[in-house]
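Chemist: Here's the letter readout for the chains.
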Amino acid sequence: MENNSETILEMDNICKSFPGVKALNNVSIKFKKRTVHTLMGENGAGKSTLMKVLSGIYQMDSGTMRLRGEDVIFQTPASALNHGIAMVHQELSPIVDLSVAENMFVGREPVLFKLPVINRKEMNKKANALFEEIGIKIDPKRRMGDLSVAEMQMVEIAKAISYDAEILILDEPTSAISDAEVSVLFKIIRNYTQKNKAVIYISHKMEEIFQISDEITVLRDGEFIGTNPASDVSEKELIKMMVGRNLNEIFPKTETKIGDVSLRVENLSLSGKFSNISFEARRGEILGIAGLMGAGRSELVESIFGVHPPESGSLYINGKEVKIRSPEDAIDLGMALITEDRKLTGLNLKDSVKNNVSIVFLKKLARAFSVVDKGREVSSVEELIKKLSIKTPSRNTNVSSLSGGNQQKVVIAKWLLSDPNILILDEPTRGIDVGAKAEVHKLMNQFTEEGKTVIMISSEMPEIMGMSDRLLVLSEGKLTGHFQRSEFDQEKILACAMNHIEKESN
Amino acid sequence: GAQDETSNDQITIGVTYQNMQNEFILSIQDGLRAKAEELGVKVIEQDGQGSAEKQISQVENFIIQEVDAIVLNPFDKDGCAPALDKAVAAGIPVIVVNAMVSNIEKANAYVGSEDVVAGEMEAQYIADLLGGKGNVAIIHGPNGHSAEIQRTIGNKNVLGKYPDIKILAEQTANWSRIEALNLVENWLTSGMELNAILGQNDEMALGAYKAIEAAGKQNDIFVIGIDAIPDALQSVEDGKLVATVFQDARGQGAGAVELAYKVANGESIPDLLNIPFILVTKENLAEFK
Amino acid sequence: MTAILKNIFNISNKKLLKDYGLVLAFMGICLVLSILSPSFIKPANLLNILRQTSINGILAVGMTFVIITGGIDLSVGSITAVAAVVASSFAHPGEHSIVFVIFSGLGVGLLLGFINGLFIAKAKLAPFIATLGMMTIARGMALVYTSGRPVINLSDQYNYIGGGYIGGIPVPVYIYGLVVIISFFVLRFTVFGRRVYAVGGNELSAKYSGIKTSNIKTLVYMISGMLSGLAGIVLSSRVMSGNPSAGTSYELDAIAAVVIGGTSMTGGVGTIFGTVIGALMIGVINNGLDLLNVSSYFQQIVKGSIIIFAVLMDKQANSKD
Amino acid sequence: MTAILKNIFNISNKKLLKDYGLVLAFMGICLVLSILSPSFIKPANLLNILRQTSINGILAVGMTFVIITGGIDLSVGSITAVAAVVASSFAHPGEHSIVFVIFSGLGVGLLLGFINGLFIAKAKLAPFIATLGMMTIARGMALVYTSGRPVINLSDQYNYIGGGYIGGIPVPVYIYGLVVIISFFVLRFTVFGRRVYAVGGNELSAKYSGIKTSNIKTLVYMISGMLSGLAGIVLSSRVMSGNPSAGTSYELDAIAAVVIGGTSMTGGVGTIFGTVIGALMIGVINNGLDLLNVSSYFQQIVKGSIIIFAVLMDKQANSKD
Ligand SMILES: Nc1ncnc2c1ncn2[C@@H]1O[C@H](COP(=O)(O)OP(=O)(O)OP(=O)(O)O)[C@@H](O)[C@H]1O
Ligand SMILES: Nc1ncnc2c1ncn2[C@@H]1O[C@H](COP(=O)(O)OP(=O)(O)OP(=O)(O)O)[C@@H](O)[C@H]1O
Ligand SMILES: [Mg+2]
Ligand SMILES: [Mg+2]
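Line order of the protein sequences matches chains P, Z, B and R. Numbering-wise (our numbering), the first sequence opens with residue 49 and increments by one. Numbering-wise (our numbering), the second sequence opens with residue 5 and increments by one. Numbering-wise (our numbering), the third sequence opens with residue 45 and increments by one. Numbering-wise (our numbering), the fourth sequence opens with residue 45 and increments by one.
Do not take every clue at face value.
[Said to hold, decoys possible] These stretches of chain B come out as covered by chain R in the derived footprint (C-beta under 8 Å, 3 or more residues):
no.: 1; region: 168-180
no.: 2; region: 186-196
no.: 3; region: 255-267
no.: 4; region: 340-346
[As the list claims (entries may be wrong)] The calculated EDC-like cross-link candidates involving lysine to aspartate or glutamate, where the alpha carbons are at most 16 Å apart (straight line), are:
no.: 5; chain 1: R; residue 1: K251; chain 2: P; residue 2: E376
no.: 6; chain 1: Z; residue 1: K90; chain 2: B; residue 2: D200
no.: 7; chain 1: R; residue 1: K251; chain 2: P; residue 2: D389
no.: 8; chain 1: R; residue 1: K251; chain 2: P; residue 2: E487
no.: 9; chain 1: Z; residue 1: K293; chain 2: Z; residue 2: D224
no.: 10; chain 1: P; residue 1: K391; chain 2: R; residue 2: E247
no.: 11; chain 1: P; residue 1: K490; chain 2: P; residue 2: E303
no.: 12; chain 1: B; residue 1: K86; chain 2: Z; residue 2: E70
Hints listed in this document are in silico derivations from the structure and should not be mistaken for laboratory results. Bear in mind that the values here come from a model prediction, so they are computed numbers and not experimental data. Glycine included, every Cβ here is placed at the ideal spot set by N, Cα and C.
Starting from the given sequences, assemble the full structure and let the hints guide the process.
Modeler: Here it is in structure tokens:
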């Protein structure tokens, strides 16, 4: 590798501050052609910021960037694109009312006869060709807003690739896609570097990183810590570089006493989403729900939580039948749901950390005239900020200026504050760093130790197998598997998850 | 069943009023309706809502509905001229009532008088009260509206003849009492020494008076309005407004529909039915209440 | 009824389907009016409706561009007035060529729209504030320009624009039709048109894709300004006078037409077709209620209710799919 | 200047800082007016300004609630008129107790606001459409209720609400002050207030957090309706007549006050304090231009420019931090 890869981009002493935060402090990295260079670091370490500086979204305060030996400054995303730098952003930003193809070619639409008139045929053809080449199956004429999150992510990736840029930046591209799609993506990335190009990759998922990276750079608190060839470092060393200390067990499952049934679900159905789901969850237990992307797991828990109440079936909490018609009912019954899409359903991006964390809890903070007890509010929020080590200049900072992972922690904090008995987590560790992940897992354990119930959806096999006491598998809206911890076996679980798909293909 | 449009035996008259959110216009309507009932004609009434363009559209609709005659109460002297043109082109007789259009010669008759006269009348009364000397302010209607333009011309025709009368301030209050009230409050606190205020309608005059009363200057400043709405008549009676200008709205409405009826029946009519303005003061108030 | 119409309009045609609730509501209103008043469906009346709709229709087209980008233009009524007085002031008989007169009106509209665009796209003012300011300023300019007096004595050529006929059809109807066709094409088939949606749908994403979003935004306000200028020409030639108080509160009707037509105030979504239906619906209601001789007070109650009802019906139809 | 003020207002006080650009602009305008017109700072004139601001100020407070949820209420002016005529119709001397009269005005406002709320929160109509419909309908109702004629001959007690003084200060100023204080408190310190922000910031997330978003939305329109009712009472008692055409286009001034005050039209952000400054700014400009006797044509140009300039200055100040 080393010999035939020359440096294409040097970032030198890059500094960038936001009000109250020094996001980047003298960061210097070299990126080479034919190389997948991974950036790692805790939430808020500055990875996304560095890439936004590179792609012309932010302007650095000081430092230099040399592209192919020439000094460059990108004032706009357009100029970075023109210099051959394309980026897939951490936060999805689809234009929902345009078609898939229109989304891909926005800003460089193919035209008819050099007139400013769009050549739709050509555009769809190009999109199709690209999709075929990289192996994804999406109709370019579909409306972007009708795609699933995973499909949107694949379109964004395809879009970035279609620029045929010299440097392709992927900021946590796998946080919303499943293993099958990840392997497609990795194939794409390999092909890409073959073409004498550079890929910069950001992810928190260790297995992935070792699978795909050639070089790994670690950032911590906006500082450059070190660059190493992937083959020269171990997971342990990386974690140490990231968090500055040793972190042993990643999935520290503690044994708890499993008690009575706290939640029982009988024959729950919602047409088009899931049908005839029955299961129970017990006190002190972590119940995992596995399945492929789009299996209906999110729909199921949202339904239980009253967001889209089920059409038929019944729910029992502590043996008593309950009717949950709205999230409010669910919360009153001691449930909490940490949703999978923080931007869409988890956060009020226009408000502060404090107000986001306390919104569910407010009801309990009300004094006479429903005035909020500010003192208690502040102290509880501060406590959680500490407990989850949320990296924020203050509790009054707007959540929108937090890094993606820290935003996720805010969502978790909000639901912990509501002090639930049944905690449902939908992809709770998506986009959060190893330290925080361990923190979340510890919290889940604490929870069960107190005799409460945890239900967790995760698409990460190691996580769900590591943390669950029992595991349900969903496939196309049907329960297809049920495993005790002692029976966990990745292959069997996957087989159940693909149950229906296999039947179809046979 | 009530919509059998233009049955042959009954005469149908289309009426477009300039703006039915104006109390004065409602009085024209009262007179017109009463007379129409007496004559047994059917009237189709439309509200121009303060827009010449709308009134043109309404006349176009009348043409489609094949009315026998049109009564036009124009909002805009110039802007409503095409409405008259269109009706004439369609061979439908038109009676213009209460306000002028610039092509009035094409109409079959005009009922009313010109707003300029009302402006002159109120200014003359104030000039006389002041003995040809003093400071006045004028509160205008909405800028650019026909009645505002003509009443302003009338106001200035008279005031221009008195070199010792100074117009200290002019401002619009958009026919609105609250706007006039705010405006005069502001004038008075600015220390403006006024002897009289001319409101181009009664609503604004009443608003002005309220501000004057609150400032305790009711004995120093004369206020006058136009239209003789009930509230203004009461105010004149109470010795608050010094006068208002009465226009026989009911008479105009009745006159207009009567002429329209006649012309629709092929009778000949005069081309001018002058219904003059009358100044209403405490002395002659009784006739108008 | 709904079911039958679903069969007639082939359901697979998504685009049509999305608008069909509105079209259905519109057709329902027309049907009711035809039954209640025989004059309603006379060809002459239908032409009347088209002519009466043309001014609001033209403004609504410009407003559609603006609203799709997520903005709003409150200044259209006042710009209409400025263009009306400026064009009129050059339109006295025998003074200037009609081409010059028309360009003066369009030009002044374009210029004021450009200023709106600068404040919004470059100075990053909220569109509501920038155009509210312009609404007041432009009205003042029209008044100052004319000293508050309407501009009269306009040439016959000029009057032809608002009052003439070609083959029995009023000229404003042709103008409106042309505006609709061009805008439809621009919005649907050109690069610029798609970028308008992109900016409104997700400004950040558009920016990251290298689009100069501020240019797109400036352009939509220029379009809206120019079309307001056109509306001012048509209006002043229709009433044969350039009145500085013309166009007051036209912005509300224009916005209403756009929103009734299914364009979302938050941007990113909308069609010219919907806006045309929205404008026609307002025109038909105004015309129909006048024909029925509904008292103007009740007219307002009825008109407000119909608008709410029509949009509700549209929602119903759409949510069922 | 900016630098000095930054030092005076301790920068660490974030809340103040966020609004200080606006406050600075406001103070600048006041300063200029004091220099140009010595009458401006007379206490009597300042009271004038407060009194003249009170009606728009009250409407703007209600509008703030609505806009923070991401909505808009175009019907405030018409509801003002309905409440004005209804309350006035009960306020003839010696007919009903003043308490009854007041409740009738507030009640009718509340009711109409509730209907707005139903259409928006339950039937999921776009706020623009629902309240545009209500704007037209309520105006029609006011006209029908009075047959288009103002309601006159009101009791002295009623007159006291808009025209009275307590300790030399006009009663409407107390009313406005009370409305401001209560709303400030509600929005800032109560659970309901916080939920208003949550709904406007991200409705979906609010829903998932157990907030009955449709209740919150209904409530804000009820608040806006009730405050419009209050404005109608103050207005009609101030001019001693309940005019069905009162309040026309008041919605624009109310929205302007809110937006000048820094509340975002997209919801989730805003303060009562900002709205008060916004309303006062409009009041001060209107008053100052009258004092200076600026010609009414130029007044509009100046007023529009000042609003744009003030908001620009606010943006400048904020972006520098
Ligand atoms: N627009 C902004 N305004 C203010 N602060 C910001 C902004 N963007 C990022 N920051 C801050 O800069 C720091 C670095 O953030 P960045 O998004 O680069 O982190 P990251 O390494 O990508 O983290 P994650 O893994 O969570 O995505 C964080 O403290 C964040 O709060
Ligand atoms: N709001 C929606 N509108 C339309 N379809 C939806 C919506 N939400 C989910 N779906 C579809 O419903 C199916 C189930 O989705 P769901 O999100 O519940 O799956 P999941 O098992 O949780 O997978 P993921 O890991 O992607 O969250 C998918 O096909 C998805 O595309
Ligand atoms: Mg990041
Ligand atoms: Mg899911």
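Chemist: Hint by hint, which ones does this structure get wrong, listed from lowest number up?
Modeler: Hint check: 3, 8 and 9 fail, others pass.
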